[in-house]
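Visitor: 128 is the number that full-length UniProt numbering gives to position 128 of the sequence shown; each next residue is one higher, with no gaps.
Watch out, some of these pointers could steer you wrong.
[What the hints assert, rightly or not] Cut-off 16 Å, straight-line C-alpha distance, at most; resulting in silico cross-link-like pairs (EDC-like, lysine to aspartate or glutamate):
| # | residue 1 | residue 2 |
| --- | --- | --- |
| 1 | K29 | D206 |
| 2 | K29 | E3 |
| 3 | K29 | E197 |
| 4 | K29 | D200 |
| 5 | K29 | E178 |
[To be verified] Label-pair ranges, simulated between beta-carbon atoms:
| # | residue 1 | residue 2 | range |
| --- | --- | --- | --- |
| 6 | Q130 | P107 | 41 to 51 Å |
| 7 | D7 | E207 | 28 to 38 Å |
| 8 | G167 | E128 | 22 to 32 Å |
The hints are simulated quantities; they were obtained by calculation from the structure and are not laboratory data.
Glycine included, C-beta positions come from ideal geometry on N, C-alpha and C.
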Amino acid sequence: MNELTLDAITYVNGRTLLDDVSVTFPAGKVTALSGPSGSGKTTLLSIAGGLLQATSGTAALDGREMWTGSGDPLPEVAFVLQVYGLVPILSARENVSIALRARGVAPADADEAAEAALARFGIADLGERQVEELSGGQMQRVACARGFVVGAEVLLADEPTSELDEGNRGVVLAELREEAARGAVVVVATHDPAVVEACDLHVALDEGRVVR
1 MNELTLDAIT YVNGRTLLDD VSVTFPAGKV TALSGPSGSG KTTLLSIAGG
51 LLQATSGTAA LDGREMWTGS GDPLPEVAFV LQVYGLVPIL SARENVSIAL
101 RARGVAPADA DEAAEAALAR FGIADLGERQ VEELSGGQMQ RVACARGFVV
151 GAEVLLADEP TSELDEGNRG VVLAELREEA ARGAVVVVAT HDPAVVEACD
201 LHVALDEGRV VR
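Given these sequences and hints, build the entire structure.
Guide: Structural data, given as structure tokens:
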């Protein structure tokens, strides 16, 4: 099974945001990445997924470098972004569908899969609604559906439950476990103790260093 390995990662951008971080995220497990605001969680996920180049150190998936030189993640990687990254003028279904179309999936098949992904998060009825009409919690679930729909080898979720009530948080956690069960590497950045408790493994950051 795959492993996502970060070896001696340091990232400096005016100040040191990550300092000699080494950690392995195994496939088949949901790993919580916790820490206070500014501890480096989002930066670490960005480097782990190939969005950002480390100042030093390496991130690799079974020996394959995650940084490709462009800032575009490998096709094997999917993100659930803290800022959602949705297109406001598109519908919820279209926002999910484009993740598959970008990978070469036929439009009709992509739309069908998008509808199924929205249903996983209890928002199938919102498929035709423009994203700009949705609440924060609804947008967060659309972002989850878009990240999950591609069936990536690596799923990196940045605070995917921050806008959700307890019931919908439970739905997202159950779906994260489903992704791990099919063999994906799943990493969840969170400050929520309940989310940490629900994960299989726990890595804690503080001031850019691993403290657990």
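Visitor: Each hint needs a verdict: does it hold in this structure or not?
Guide: Tested hints:
no. : hint                      : verdict
1   : K29 <-> D206              : 23 Å, violated
2   : K29 <-> E3                : 10 Å, holds
3   : K29 <-> E197              : 13 Å, holds
4   : K29 <-> D200              : 6 Å, holds
5   : K29 <-> E178              : 10 Å, holds
6   : Q130 <-> P107: 41 to 51 Å : 19 Å, violated
7   : D7 <-> E207: 28 to 38 Å   : 20 Å, violated
8   : G167 <-> E128: 22 to 32 Å : 24 Å, holds
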